[in-house]
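Visitor: Please build the complete structure, drawing on both the sequences and the hints.
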Amino acid sequence: MRKSDLINQISEKTGIPKVDVLVTLETMFKEVKESLANGQNIYIRGFGSFITKKRAAKIGRNIKKNIAVEIPEHFIPAFKPAKEFVNEVKSKRK
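To convert, take the position in the sequence shown, counting from 1, and add 50; that gives the working numbering.
It is worth saying that the hints were derived from the structure and are not from the lab. Check the hints yourself; a few may be wrong.
To be verified - Derived pair list, reagent style DSBU-like, types lysine-lysine, alpha-carbon separation capped at 35 Å:
(1) K53 / K144
(2) K68 / K80
(3) K140 / K103
To be verified - Computed spacing ranges between beta-carbons, pair by pair:
(4) A106 / F129: 17 to 27 Å
(5) I113 / F135: 33 to 43 Å
(6) F129 / S54: 14 to 24 Å
(7) G65 / R105: 36 to 46 Å
(8) Y93 / V139: 13 to 23 Å
(9) I121 / D70: 37 to 47 Å
(10) N116 / D70: 47 to 57 Å
(11) R105 / P67: 38 to 48 Å
(12) P131 / L72: 32 to 42 Å
(13) D55 / R95: 41 to 51 Å
(14) V139 / L72: 24 to 34 Å
(15) E123 / I92: 14 to 24 Å
Even glycine gets a Cβ: it sits at the ideal position worked out from N, Cα and C.
Guide: Okay, structure coming up:
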């Protein structure tokens, strides 16, 4: 499913115009990105959590030049689904 498919389904089920659904989704995505960039996690009960995970510094290798490259510690975004979400997906996929 693509973003346009999601927008179409939400619009059909709720009767809200597609433009309004698009603006709402884009605003939600923007807020999630900004919150995670500012170090704030987002918890949505029954759905899951958008969190940042810390990756430790490590030594990588540039294969083309065959030299070691230091990769500094950094944070990456992650999603952790709620138990209810996982159980619903499991039960419907059987």
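Visitor: Each hint needs a verdict: does it hold in this structure or not?
Guide: Here's how the hints hold up against the structure:
Restraint check for K53 and K144: the C-alpha separation of about 26 Å stays at or below 35 Å, so the hint holds. With a CA separation close to 18 Å, the supplied pair K68 and K80 stays within the 35 Å bound. Note on K140 and K103: the hinted pairing holds, with a Cα-Cα distance of about 25 Å set against a maximum of 35 Å. For the hinted restraint 17 to 27 Å between A106 and F129, the CB-CB distance of approximately 21 Å keeps it satisfied.
Range check, I113 to F135: Cβ separation about 39 Å, and the 33 to 43 Å hint holds. Our hint of 14 to 24 Å for F129 and S54 holds, since their Cβ atoms are close to 21 Å apart. Separated by about 44 Å at the C-beta atoms, G65 and R105 satisfy the suggested range of 36 to 46 Å. A C-beta distance of roughly 19 Å is found between Y93 and V139, which places it inside the suggested range of 13 to 23 Å.
Taken as a hint, the range 37 to 47 Å holds for the pair I121 and D70, whose Cβ atoms sit roughly 42 Å apart. Look at N116 against D70: about 54 Å separates their beta carbons, and that is inside 47 to 57 Å. Between R105 and P67 the beta carbons are some 41 Å apart, a value that agrees with the proposed interval 38 to 48 Å. Take P131 and L72: their Cβ atoms lie about 25 Å apart, and the range 32 to 42 Å is violated.
Under the hint 41 to 51 Å, the C-beta atoms of D55 and R95, about 26 Å apart, miss the expected range. A C-beta distance of roughly 26 Å is found between V139 and L72, which places it inside the suggested range of 24 to 34 Å. Under the hint 14 to 24 Å, the C-beta atoms of E123 and I92, about 22 Å apart, fit the expected range.
Hints 12 and 13, counting from the list given before, are not met by this structure.
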